[in-house]
Amino acid sequence: MQTILKVQNLKKYFPTKKKGVYVKAVDEISFDIFEQDVFALVGESGSGKSTTAYTVVGMYEPTSGKIFYKNFDISYGVDKRPLKLKQEIQIVFQDPGTSLNPSKTVLQIIGAPLTIHKKLRGKSLIEEVLKLLEMVELPSDYLYKLPRDIGGGEKQLIAIARALAPQPSFIVLDEPTSALDVSIQAKIIKTLLRLKEELKLTYLFITHDLSLVRNISNRIAIMYLGKIVEQGPTDRIFSDPAHPYTQMLLSSIPVLTKDEEALKPKHIESTGEIPSPVNVPPGCPFHTRCPFAKQICREKEPPYVEIEPGRIVRCHLFSNGTDGSSKDEEEVQTWS
Amino acid sequence: MYNEEASMVLLARAAQRDRIKRAWYRFSRHKLSIVGLIMVLSIVFIAIFAPYVAPYPEHAGPYVDFGSACEPPSLAHPFGTDAMGRDILSRVFFAFRDALLMGIVVLIIVVPIGSTVGLIGGYFEGKWFSTLIMRITDVFLAIPPLVLALAIAALLRPTLLNSMMAVSVSWWPWYARLVYGMTISLKNEPFVKAAELQGMNKFKIMFSEILPNHLGPILTKMTLDMGWVILTGASLSFVGLGEQPPTPALGTMVSDGAKYLPTYWWISVFPALMIVVIILAFNLLGDGVREMLTSGE
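Chains as they are written, first to last, in my numbering: chain A, 98 to 433; chain B, 514 to 810.
These are calculated hints, taken from the structure and not from any lab test. On a predicted model such as this, the values are computed, not experimentally measured, just so you know. Don't be surprised by glycine CBs; every beta carbon is placed ideally from N, CA and C. One or more of the hints may lead you astray.
[To be verified] Simulated restraints, written as ranges between beta carbons of each label pair:
id, chain 1, residue 1, chain 2, residue 2, range
1, B, A527, A, K355, 33 to 39 Å
2, B, A519, A, I371, 32 to 38 Å
3, A, E234, B, P625, 38 to 44 Å
4, B, W537, A, L353, 31 to 37 Å
5, A, P388, B, K717, 32 to 38 Å
6, B, R530, A, S127, 39 to 45 Å
7, B, L654, A, A283, 50 to 56 Å
8, A, Q105, B, R530, 28 to 34 Å
9, A, P236, B, W537, 26 to 32 Å
10, A, A283, B, A525, 42 to 48 Å
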């Protein structure tokens, strides 16, 4: 498996009005995304998942840390990135209502990246846009429509077509379905997965919806207050969640049947709300809501522990010994 | 291939027609907008065809006939005659020409300059040159337009062109301010971010992505401003800083007639009334334009 995107100790702090006080939106996170994978970044609002996405595409410049795209250092803002890179990395925003220019026709919207990256004009531009519309299964008479004449789901398909236009290999999907009706979400997801297979794309999928992630992603990272608390393969995280926060998220997925209920980890009551990233609690940031919080959690920041190959957890419950020893495993069993 | 291309063209035309139809519907929902449109069209028509519409076209020039001076309104002279015996209605018709020219020229100068300043100021908000140009704009805004225009016009030779310049200098900051505010609210919208991330150049982002979204408010303000620019021009000519006699100007006619008030009231009342009519016409039209461009979307 080839690594396509490598994030190393990425930090993004935003200054506040008060001097010396920062919003620690993203705080020392690292992860790797492999080619043709769907990597999901999951977290509540305010966890820093969108900030991570925007830093990857270059909307923000990282405070510190590195981002590598195919071994090419891209840890700087979009203005300094070469055009070729802007073509390779694309983003689909959450709300298609605001990500499409209300005064442009579909042709102009999808055509813009084509004129920038492929220097297409006139007839060849129209032909290419028609091809893209076909790819997202929209009829060709949408060419001259304005965004306000189109439904929400279709707008998102047009935003996807725009992202596909420059033939990228990596697409950041920033909650692409959360602004849409449930009935349309499935269609968007299906289209995204089909396109990924057809065009051999890699996705960084930002979402707060764990149940959605299960069906589409290979690997997951769960963020809490700017930190990744757990990451690993999707099936492992769902079958055996390690971090108490992951367990809390999994047990709060709404289910319909008793069978589904049985699949979930032992119920952990979701308590409290995510604290403000300006005022991150000392020690483990999750200790204010964690049912297993011990004295050490309030004082010391937990280390990253690799409990299985490719599976990293940031929790004191796993760092009792010197390394991931069997004692930890036992403890896992007692509370999961 | 032929068919496909032809159908694309038809499609584009149909979409265009559809948009125009809906815009007209929104405009014509309010009867007063139609009244405004008819009034403006009549004023424009009269201005263009003044030599044919005016009952005494020769009265617009250096014409003197003291025998029929200061005649009250009658069938022969619906607005009466002035102290030189000239038909006021004819002179008002000719005065429409310079009044409209004033409005159009001023707006043609002011809108591109103001919009560009506002766009640059808004898009680069926080950068030093943005702060600089917006503070300069604020200095201009601090002085009432009429006072500034009067001060500038007084410095220059009193001609129509110079009075246009004077009004333009005092008018652009309002467009700069309007576009500045709207640009700030749009520049962080995802669609602008998307264009930036695609690598579109800043010039194109400002003028092609952001500016078209401001067209509604700008066009509305332009229509409303036509009336106010004409009023300011008339104020300048009222104090003798605009077009010089014998060319008829609404402001000059009002001030000339003021000497004969209240006995020969028609000499200044009718030109003044025409200023009111022009402002009213453009205001009604402006409301319709606002309705057409901003609602129902």
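Status of the hints after comparison with the structure:
1. B:A527 x A:K355: 33 to 39 Å: This hint is violated: roughly 55 Å between Cβ atoms.
2. B:A519 x A:I371: 32 to 38 Å: Check failed, 57 Å falls outside 32 to 38 Å.
3. A:E234 x B:P625: 38 to 44 Å: holds, 43 Å
4. B:W537 x A:L353: 31 to 37 Å: violated, 51 Å
5. A:P388 x B:K717: 32 to 38 Å: Given about 54 Å between the Cβ atoms, the range is violated.
6. B:R530 x A:S127: 39 to 45 Å: 56 Å Cβ-Cβ, so the 39 to 45 Å window is violated.
7. B:L654 x A:A283: 50 to 56 Å: The hint (50 to 56 Å, Cβ to Cβ) holds, given that L654 (chain B) and A283 (chain A) are roughly 53 Å apart.
8. A:Q105 x B:R530: 28 to 34 Å: With Cβ atoms ~56 Å apart, the hint is violated.
9. A:P236 x B:W537: 26 to 32 Å: Hint holds: Cβ distance 27 Å, inside 26 to 32 Å.
10. A:A283 x B:A525: 42 to 48 Å: violated, 33 Å
Of the hints listed earlier, those the structure fails to meet are numbers 1, 2, 4, 5, 6, 8 and 10, in rising order.
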